[in-house]
Amino acid sequence: SPSPGLFLLPEEPRAAAPVDFLQELPSCQSARRRRGGTRERRSAPPGTTGSRGAAARTLQQERGEQPTRPAREYPLSIAEKRTLRDFQRADTEHLSRWKKWKKTSSKSLKKALSEVKGLSSYLVLWRHDIHSIEEKFGTGIQSYFSFLRFLVLLNFIIFILMFSFITLPVIISKYGIFNSTSVNISPKNIEDNCTIYEPSGNKGLVYFYTYLKDLLSGTGFLEVTSLFYGYYTIDAVWISIMRYNLPLAYLLVTFSYLALSLLWIIKRSVEGFKQNLVHDADPFQSYCNKVFAGWDFCITDPNAARLKHRSLQCELQTDLQEEKLKQKIAERTMEEKLRIYSLRIFINIIVLAILSGFFYSIYRVTVFSQENSNDIDNVNSQINLLVQYLPSIVITLANFMGPLIFSFLIRFEDYTPAFEIQLTLMRCVFLRLANIGVLLFSLWSQISDCGTDKCKPCGYNYKLYPCWESDVGQEMYKLMIFDFIIILAVPLFVDFPRKLLVTHCSCKLVQWFGLQEFGISDNVLEIIYGQTICWIGTFFAPLLPAIATIKYFIIFYIKKISLIHTRKPAARPIRASSSNFFFFLVLLIGLNLAFIPVGVSIARIPSSKACGPFRNFNTSWEVIPDTILEFPTGLQQVLFGMASEAFAVPFFMIICIIMFYFIALAGAHKRMVAQMKEQLVLASRDKMFLIRKIAEAQR
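Using the numbering used here, read the sequence shown as starting at -7 and increasing by one per residue.
To be clear, the hints were calculated from the coordinates, so they are not data collected in a lab. Keep in mind that this is a model prediction, so the values were computed, not measured. Note that CB positions come from ideal geometry on N, CA and C, so glycine has one too. All the pointers check out, no bait thrown in.
Heads up, simulated BS3-like pairs for lysine-lysine below, C-alpha to C-alpha not over 27 Å straight-line:
1) Lys282 x Lys300
2) Lys205 x Lys455
3) Lys318 x Lys329
Pairwise CB distance ranges (calculated):
4) Val673 x Arg74: 33 to 43 Å
5) Val283 x Met680: 17 to 27 Å
6) Ala658 x Lys560: 34 to 44 Å
7) Lys259 x Ile649: 18 to 28 Å
My request is simple: use the sequences and hints to build the entire structure.
In structure tokens:
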């Protein structure tokens, strides 16, 4: 008689049931509706050993490629990787000697490059310091210091460009190195009054205070050095038998450092945008990210961990508040909407009035400073230095008071907390960058002041500004020095005493104030403001990037010491991906602002006739067509044709077509992302369906 176990045999035909059962899943039904059916992708079962390795080999054979990638790079199991490695070795034995040598050399080269890359990582600037900051305070604060390192490298490269192609040829010609000489062509058809430029260099016995004043203001002995534009009064340099066109080099290097900055920033901002796009999700997905993936595992410091706990709690509370506020906004009546919109319009009018007051103050102070800084009676007095620094002082006060006022006013506008932060930051960015624009506008209004025929012979106010490019460079130099002094003074005279009070004083009021938070956004705006000054000032002071490099190098250690010893991380830190994108976005805005004054100075304002490499040209841009006229006739026609409307219109149309293509591509990617999100939803429904079926089967 059959054993009892054989009674289970009639149940075996149910093995085919799971196929029909799986087709009842929501995801399978949705896929059938979308595609009209399903197709098998693999001939072998997915769990069979070696199936994926065979699939990889089949794919390579179909493409006619040799398996050049190492087996460890394939997403296979250990057994499958061993099989694939044996297959690769067997293929290698049948190759010719030349192909064997080529493959071995390629492998050795890749290994050497990998080792060099590993060794070069130890040469990265501040590698250990930034990693230690990341371990203690997380990736948000680490992104600020990485951004600071980027600016140090950028300014150093700009300095190398300016020094190599502008400063070095002039120094070589002045000292006759490599049998070199300089060429000075006297200006033609220009009145003698326009060519008079006598820098106030120090002569005779000079007090130490005078040297200190010159160092702070860029006048005196510093005005006649290679730091400023007026030093490069040379038309060409002969190095042996080669003629070096200094005016053309000066203009091309200016375009080069601006283009280099633009391309590098775009490259870095695109990387940040990709990361930001991943984290930019709907509220439910954002909530899941905070709950399940919000912890920063780089944190090892207990205090930083407690801050991170409070930060996550604060973010969740903020999300709930925003949802409540959105619900409240949806339930507003018409009267409430009119009241809120009227209040917002009124507050924005107040903001515009405050900005106008700041801008007018900067304009009046700049005009007063320019008219009275060269007063003979005040040359050796402290008042003269104060008068020269008045624009920098007023701009710094505006940069300090503006954010405080904006933060107070935005509380009454009834925005969501996230939008409040974004709007306040954008107002602060506009204030800082617009202050520089107003300063330059004030200078240009003085330079081009022709009310009483002051600039009729030369095209500019040559009596007050015989070398106006050097004067603009001095203003940018003073802004940078004063900004550096403020950054040094705040930790020394504000943060450090506050730390001592909080540590050693038990007064409730002092403990309530506590330590100052290390605000990432505020610190970033601070250094972007300085970088914008550097971009604008480099045309007027070619060695200003060297000062900016030293400045940011010192600022790194100041901020690091301040973060560790005198400040605490912000209670609401921002994610590293979003912060990186924001940093480079604001930096790109600053660079675009720098294009405007530099472009106007090159193309519109007449160049100084008493100093600089462009004294024989009406504007700096005229060196380009003047150089093109020296080319052969055919090349001239090609270049002038590229500058005509016949070339510009088709080029613009091609650019528009390319832009529309990328817009369509972005739309396709967006639809693909939406489908992937739908697949995730369907996967969760499948799980719920399976759980329900299992529960029914158990019952």
